[in-house]
Amino acid sequence: MSTKTAAPPVLPAAMGKRRDRTTRKSVVVKDKIADWTITIGGMAVILAVAGIMVFLLQVVVPLFTGGTVGARSSYALPHTSQRAVATLVDEYKAIATMVMADGKIVTFHAPTGKGLQAPAFDFGGESATAFGSTLDHADVAFGFADGSVRFGELKMVARVIPEVDIPSGLTRIDDRDSTDGRSIYRRLPGNQARVSSVEVTLEDPQNISDQGSAIVALDYRVSGGANAGVKSFVTVDAGGVVRLTRAESKRNMLTGKSRTVIETSLLPSLPQGTQVERVILTERADQVFAVSGNTIFRYDTRNFETPVLAETARVLPEGVKVTAFGFLIGEQSIVVGGSNGAVDVYFRLPRPNALGSDGYELVAAHRLEPQSGAVVGVSASLRGKTFATLDDRGNVWLRHSTSEQTLIRFDRKNEQPDTVALAPRANGILALEQGRAATLLDFDVPHPETTLATVFGKAWYEGYDGPTYTWQSSSGTDSFEPKFSLIPLIFGTIKATFYSLLFAVPIALLGAIYTSEFLDGRVRAVVKPAMEMMASLPSVVLGFIAALILAPIVETWIGALILAFVLIPLALVAGAYLWQLLPLDQANRLAGVPKLGFQFAQVAVTMFLSYSIAPQFETVFFGGDFKNWINGQSGNSAPFLFLALLPVSFGAVAWIISRFYGERIEALMLSRDKTGAAMLDLGRWGVILVGSLVLAFALAQGLAALGIDARGGVIDTYVQRNTLVVGFAMGFAVIPLIYTLADDALTAVPEHLRAASLACGATPWQTSIRIILPTAISGVFAAIMIGMGRAVGETMIVVMAAGNTALIDWNLFNGLRALSANIAVELPEAVKDDTLYRVLFLAALTLFAMTFVINTVAEVIRQRFRKRSVQL
Amino acid sequence: MSAIPAQLAPLDDGIRQPTAYHVRKGAAGTAIQIRDFKLWYGHSQALFNINMDIERGIVTALIGPSGCGKSTLLRCFNRINDVIDGLRIEGSITLDGEELFGSKVDVISLRKRMGMVFQKPNPFPMSIYENVAYPLRIDGVRDRRILDEAVERALRSAALWDEAKDRLQDNALALSGGQQQRLCIARAIASEPEVLLMDEPCSALDPIATQKIEDLINKLSGDYTIVMVTHSMQQAARVSVNTAFMYLGHLVEYGDTEAVFTTPKNTQTMDYVTGRFG
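Chains as they are written, first to last, in our numbering: chain X, 1 to 872; chain D, 1 to 278.
Among the hints, a few may not be true.
To be verified - Listed next, with one range per pair, are the computed distances between beta-carbon atoms:
no., chain 1, residue 1, chain 2, residue 2, range
1, X, V687, D, N49, 28 to 36 Å
2, X, S671, D, D166, 37 to 45 Å
3, X, E532, D, E90, 38 to 46 Å
To be verified - Examples of chain D residues toward chain X, derived with CB under 8 Å:
no., residue
4, I108
5, R111
6, Y134
7, R276
Unchecked claim - Below, simulated BS3-like cross-link-like pairs (lysine-lysine); rule was C-alpha separation at most 25 Å, straight line:
no., chain 1, residue 1, chain 2, residue 2
8, X, K104, X, K25
9, X, K155, X, K30
10, D, K104, X, K595
11, D, K265, D, K120
12, X, K867, X, K832
13, D, K212, D, K120
14, X, K674, D, K104
15, X, K867, D, K219
16, D, K219, D, K165
No lab work stands behind these hints, which were simulated from the structure alone. Just so you know, even glycine gets a beta-carbon here, dropped at the ideal spot from N, CA and C.
Bound-form chain D, shown alone:
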């Protein structure tokens, strides 16, 4: 893949930009640990015995054909699935050793530790500034100085500052699709979460916007543990360090991205990454 040299090229805003390559070398332990995780929607089981360790500070890609359960799994990490009626789980997921599903878990503070970016850009119908400031506002931050700083930092990190700094009070819906998605990333990182969950963040975008988001993901990895669901194998190959291949609710293969794409152990993985099905 030709993306690797581009990632190694230093970015011009001077912020330390660990590349996926660097981060893999420096990966420091497990952020999310999944053990014997099963999930049912009503009577139909969507996830079967998932066991997986997601490493801290790198990009992990979840790939697989539609309906394989990769988004469901992602949405379990911040329990955004909770609102679905008839959802039932078994097994455990821990974040830094803390159980996510348990009676002692405060879901709200759990979600504050994880930013999430959705498939479709979903800025709130308010100003760009207020979109980014939202996670701080709900935490009761009212100090204008702190908010201004956080908004600027998040927008710079999301590579949107230059485009948006003169129109912070404009409605976010006036931005283009790619800009909206970067705004959503800025919103997700504004409260400085530990984990960034991305659910097919580029599927609604054109190739140029996709390129920008991918650059951004590369830029952000290292600072954040990023878990990304993607349909595009090229994208997984370009940005992720580890890749998990899921199929029909099972985790089929999980490992180093290069290994998964070049020397898969499983024939289903082989078929999928070579484009035989999916």
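Just chain X, with the same shape it has in the complex:
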């Protein structure tokens, strides 16, 4: 250190080997590799999510696009001189048939028009004046000028034969089909062929009209099985007489002989001068609809002996005629086509002040887009509510009744229309022009019933009083129409989320406040991971426990449960007030574990108390049985209102007392010693409690007297698997999540704020509520939102414990069907690419959107919170 040795310090560089200061190659390469890997990984994640989105969209979009039009073939028809009374195409669009008034049948190959030989109905030179048939045209009836009616069958027969059985010498029609002159042979995959042909049978004439008056309108239905067939038909003769006839055949099982009973009922006469143009009846022959001009006359024939003219409905404006008229499959919807181009669908619905004398009324449920000319033909699909309408300018539109959309416009100009036939599978239309030429249009409309309006809005289904949100994807009958409104499912998701958060949020937040602000750090280090482990319970286990164990327990002990919800908080608060009475040294000595032990004991005792006095509680409050009470079978509404109003009136009385006597009580408290003040405090609480009991009782009686009843709203009929059970089970899944995130947010509040508040003389509770919670509020909010996201997406618990009833009601004691549960339940049943399948994907997309929005909001709030907490 002496000055004479103070030479300049020797730098390493000067000592020879210079240290290399450039970055080594391997480091650069590793850095690049890491850079690329991370970039690629990140991009891949984004791509994967985007890919899922694209996939979902791609599955869903066909629901809302109309149909695709395929081949269109027009051809002239062989020997046609007259109008066809009926035209039909078979299931496979192989063979088409026209029935002429003289009984001749023109059969031809549907795609090309190549004529085929076919049997004919032998009317013995007569010409039919009226024609009627079942919806599938298999059973036909002809009315004649002499007032007689002949029945027959017109069968489109299709059978599959192995390829070896195909006869030789067939004439080839096109690349798929060949013919032997009578039948169409169509090659199928797997060395098979389908043979399509037409078969007819005709019965002897039956005289219906006594005076031999000509039959002008006719409709025919066949019902019942092989042993007890019922043929019903309705005829209108030239004299305007409407007759309903039932022919019931019963076969004696022992003798094998069949006996036919024929009954005829004369329907009440229509107003003078009414010219009935069309008549239809239902399969059970309980309703007959006759059309004249713009009016539908509806007969109620449920009582066969005494039919009544139930309703006279003017369905079109004056001067407009009904020019097309017919049922859709199921015979609940009646399509009315007008000479002004109107196409309306009517339902027969019960109405309080119905126009009909039987309490029913024809209601225009759907008014579809009108056509430019008079609607002259309607042909209904046998598979759904799709139908084709033909106007007098030759335009054929394919429509769907429920969704009210026009699926395909097949506009033809200046052609003379005759009839239109929709293929049974609603995948082709055969349009005829005055029996001279025909056009077959192939198309594919896979999802006619879904539009954004039917999926997310109300749709008016058959048999419903009005437009509703309904989810009902399957049923037993053929004529059933699947109902795909997602709204009940979205509602179910929201309901499950709402009620479970109602249960979970207070518990999770109070728990988080307790562990972050009150609990010793060492205890917290045990409690928090334990709570987090709760989150790892598989939700299927929770659902299982909820459905099979919790639900029956809750059902049995619902009274005790309600009582416990009231008594436990009450007991804990009472305990806190009593605790203040303890001398300070005792209180300090017992503050730790013993106090916690007391609290647990208190909860246990209160639960036991609730359990013990539950029967008495039910007797006093719910007239003996909660489930009867909630159904409205016993008791009045006051008891529940009393319980519901208790917190409100407690708050009100507490506010009034603190507003008017608060200062005086505070002053009084300051003048006492600690025990005295605590006594005063307890007394005040007691007064508030008694006051609120009185107030709640008075209010409940008052409201009940006014007729206000909670039943029918948030509480109603009790179902075992209900929202309450879901709330508990889902609470179990959600509480740990909210708890741990909220606890993190609360703990992240800087220690110096806590110290500042405590140093001001605030209690830990005041510090938590006034400083910690407001500071951490965005983090806590984000925790709740993430819990909500979990609840929205939760599947197994709602599948198992919610009962899966797709209803829209807030009833706590009823079940629900959530979007997620719906997907889980129905996807195994869905056929790939059919409507249900795609609607389920739409449900998935909706769910995705909901959780995406919730999580994004949570994340945005969390980011803001992070920014703000940096300031502190």
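Starting from the known structure of chain X, fit chain D onto it as the hints suggest.
Chain D in isolation, oriented as in the chain X frame:
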């Protein structure tokens, strides 16, 4: 130290401003009495046999190198240390003859008698008004008139009124560091405590802000018994009447500030105040 004349100069807001010098002459008895006080964090002992009488109505400075236990001692006065796990004490501290550590002590009401100012300004993330009103709010005061008066009085006493009166509803975090610290002082005195504990109140502030806080401390002494932990010996010399020097958990020397700085009895004190170590 040149600070003395400045303290004697009358302050312009007309409130009686006893200077440190005056107060020393008029000091009236003991506020806080510490007897054989020992403290452990877990197994390590942080304070050894502290015996000390803190006089009422004057500023007492606790000085010493980092880790000497001066903040620990300060934090024992309002038992803000209680929340630390594994803390154990022996001996006694009394405030006006009342034991601080005892089973009969209500910690909450004890803390209400002592305001505390921390090293780092720690206003709550709410308005200036609500920050100052906080100690009254938690006592259940809801009368707007009383709150307004208390806030104004506290802010005037903390020499922040002129700067803050037009922006009482602004967020306190928008204030500058020095203003924030004065706000914390205003909050500490809003409920009119008997003792004001200050834990290095100026260590996070620039010299001008420090000057203002020191002026404020001078202004407040007399009305409050102030105990201040400081790292700055100049500050201790400028504002305190009595100074305690602590080292490694022991109270090494305690007495009149002038005496401690000019004629310390202990060589460690001498070394510390002359800057040999610390």
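Please verify that hint: Y134 (chain D), Cβ, nearest Cβ of chain X, below 8 Å or not. holds, 6 Å
Pair hint K104 (chain D) and K595 (chain X), alpha-carbon separation not exceeding 25 Å: holds, 17 Å
Taken at face value, is the distance from the CA of K219 (chain D) to the CA of K867 (chain X) at most 25 Å? The hint is violated at about 38 Å.
Hinted pair K212 (chain D) and K120 (chain D), Cα distance within 25 Å: holds, 16 Å
In this structure, is the beta-carbon distance linking V687 (chain X) and N49 (chain D) contained in 28 to 36 Å? Hint violated: Cβ distance 53 Å, outside 28 to 36 Å.
With chain X as the partner, please determine if R111 (chain D) meets the hint condition of a C-beta pair closer than 8 Å. The hint holds - R111 (chain D) has a Cβ within 8 Å of chain X, the shortest such distance being about 4 Å.
Per-residue hint verdict: I108 (chain D), partner chain X, C-beta under 8 Å: holds, 6 Å
Given the hinted pair K674 (chain X) and K104 (chain D), is their Cα-Cα distance within 25 Å? Answer holds: K674 (chain X) to K104 (chain D) is near 11 Å, not above 25 Å.
Proposed proximity, K832 (chain X) with K867 (chain X) (alpha carbon, max 25 Å): violated, 48 Å
Within a Cα-Cα threshold of 25 Å, do K155 (chain X) and K30 (chain X) meet the stated pairing? At roughly 79 Å apart (the allowed maximum being 25 Å), K30 (chain X) and K155 (chain X) break the hint.
Compare the distance between the alpha carbons of K265 (chain D) and K120 (chain D) with 25 Å, and conclude whether the hinted pair is satisfied. violated, 33 Å
D166 (chain D) and S671 (chain X) - C-beta distance against the hinted 37 to 45 Å: holds, 40 Å
Hint violations for this structure: numbers 1, 7, 8, 9, 11, 12 and 15, all remaining hints satisfied.
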